[in-house]
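> The hints should help you fit chain B onto chain A, whose structure is shown.
Those protein sequences? They're chains A and B, same order as listed. According to our numbering, the residues represented by the first sequence are 1 to 380, in order. According to our numbering, the residues represented by the second sequence are 1 to 309, in order.
These are computed hints drawn from the structure, not numbers from a lab. Mixed in with the good hints there might be a few duds.
[To be verified] Label-pair ranges, simulated between beta-carbon atoms:
1. B/Ser138 <-> A/Leu218: 47 to 55 Å
2. A/Ala280 <-> B/Gln6: 28 to 36 Å
3. A/Gly72 <-> B/Lys105: 49 to 57 Å
4. A/Gly150 <-> B/Ala112: 50 to 58 Å
5. A/Ala280 <-> B/Ala112: 28 to 36 Å
6. A/Leu238 <-> B/Ser107: 53 to 61 Å
7. B/Lys105 <-> A/Gly131: 52 to 60 Å
[As the list claims (entries may be wrong)] A partial selection of chain B residues facing chain A, derived with a Cβ cut-off under 7 Å:
8. Ser84
9. Gly86
10. Phe88
11. Gln102
12. Leu103
13. Arg132
Glycine residues also receive a C-beta, built at the ideal position from the N, C-alpha and C atoms.
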Amino acid sequence: MKRYAPVQGVLALCILMSLFGLPFLRFAPNRLLTGEGLSWWQAPLGPGHWACVLPLGWLLSARWPGNRFARGADMLVAVLWLLLLPWLAGTTARQWVPDADSLARVSLGAGFWLSWGLAALLLSERLREAGWPLWRRGLIWGATILLLVGEGLVGALDDLSLLREYGNHQDAFELAFGQHIRLVVFSVLPAVVLGALLGMAAARHNRLQGPLFAVLNLIQTLPSIALFGLLLAPLAWLGERLPASGIAGIGMAPALLALMLYSLLPITRGTLAGLQQVPAAAVDAARGMGMSPRQILWRVELPLALPVFLAGVRITAVQAVGLAVVAALIGAGGFGTIMFQGLSGSALDLVLLGVIPVVAMAIAVDLLFKLISAGVARHD
Amino acid sequence: MIDISQVSKTFGSAGPAVDDLSLHIATGEFVVLIGASGSGKSTTLRMINRLVEPDRGSIRFAGVDIRQIKPEALRRRMGYAIQSTGLFPHWTVAQNIATVPQLLKWSKARVADRIDELLTLLHLDPDAFRGRYPHQLSGGQQQRVGVARALAADPDVLLMDEPFGALDPVTRATLQAELLRIHALSGKTVVLVTHDIDEALQLGSRIVLMNHGRIVQQGRPIDLLRHPANTFVHDFVGRTEIGIRLLALDRVASRLRPGERAAGEPISAELSLREALSAFVARRVDRLPVVDEQGRPAGALCFDDLLER
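If we strip away everything but chain A, and leave its shape as in the complex, we get:
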């Protein structure tokens, strides 16, 4: 029996080290300057300084790796930590920039990000160990995120630079949110339909596989910027011919088309792989018992191919959430717009305002499809 959980111990130590060794917050006279770091002790957290004893609990509980009580306590402390840290940062920011109109900014420092992110890792590790079903883990994460959003809604985080940026760009943020979702949904959805059909065709006709995957692989290797460039001319030409269609060389049309083309390979491959792993004996038996080709497809092949197919769709959707960022370069909008704006203005918090929702969306999409897969998984 293991006497000590090394991963948990290392994580707890790293959290403590980043908390004390790195600046917890940064104070800058305006948003463009990097500013000076404020360590945990310099930040006027008040009694909040005592929160640093919480990671000691993780160090301690690492002594009993298999203990259910220790695991539960660790999870509770981790959730608490994930909520407490932003709260403390928010109240400190309020004390440093009490005037909402002030140009001065307090942003989250490396110490905050590391000790918060590592705690999230520790929580996910503990949840994984518990061997709970996916929905239960999702529930705990969902509750944590909701409480975090609640902190934001009651105004506890308003004076942090990130939220200041949000306040200043709220309209752009909401617009980007809608655009980003539209980019993902309307590129992945047609790709799922087309990819499934291509995969089914490839499964039926082996000779099709070579040329089909040669083309799809080629598309996948093209950098997204190059693909946008390639689509520019033909779509601009099409837009001129059909002005009513709203198609143009830049904007939504080429972005959707490019994202759809990228999504095609993993979905087609997933469909084909799913159909290929259907036991040949099951198909032979189905035929021998008098199922029609259509019945074999719908009752035997597709249900048995579904798990692999869904895994393909999941990877594709997560990939599309990330790729859609680049679509901002050709004016299709999305969170990329905010991110690139921040990059060009060297405003780190604006970049984060674009990146954080993309990461959150990717995780949410991943979780959603994992839940769907678990729902259709073979009964054990």
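Relative to the frame of chain A, chain B by itself:
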């Protein structure tokens, strides 16, 4: 029941898989097609339910040319069981057995009754097995379900392609006995493909030995053992083992000396002579007491009696 006349089939550029083959299978017969791999036995079987279409020749089923019957309709009238069972992994045992009845649009109640009836017939407790998935069953249980599924819609003919090939010897022997019992009970026509000569000798009322797509010899098991047509048949049925296999065809009851007595542990009259030979050698005796099915003394068997008089 099934009339195969002058049928040929060639795949690709290799020689013919089945070459001008004619075979008549009567109602209620248990025909075993046997041969080495590539002898055309499986192709012959698969032509009967149109999984393979012959290049030349015709096959009649119950007097009708099978080309006149829609393949799906034809197949639903013939049970089909294969070596790797081909059970649908995403369906329960009950759903698997219900496959053909559902295709034939039987009522729910009738299907449910049939499932329980078949599970009982194959010695699987309906309440315990109905809701299980194939991966929760042992190999032998899976094949029982496979046979039950083939029997589900009460087909006129049962086509079986090496159904017991992947099972261990003990399970295989049990299922072979089950199949014989079901055949005797239902009087169904069975066409079974195997490459195992012992299985063929035990099961078949007629054995059709094939090589290179042609029939080399056909007849009752005893005909093949006693009068092999050529050295190929002689080799195939086992050369040095022929005597042993002949003994396997007969029961102790047939050579019994009624009323006589012998000392020692009695053997059952239902055993094969092959098993009796084993008992003689193992116990180093030349006389064995025999009891009938109810365990009553029936007589004695002498070592000399193993030879046909």
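> Which constraints among the numbered hints does this structure fail? Numbers only, ascending.
7, 11 and 13
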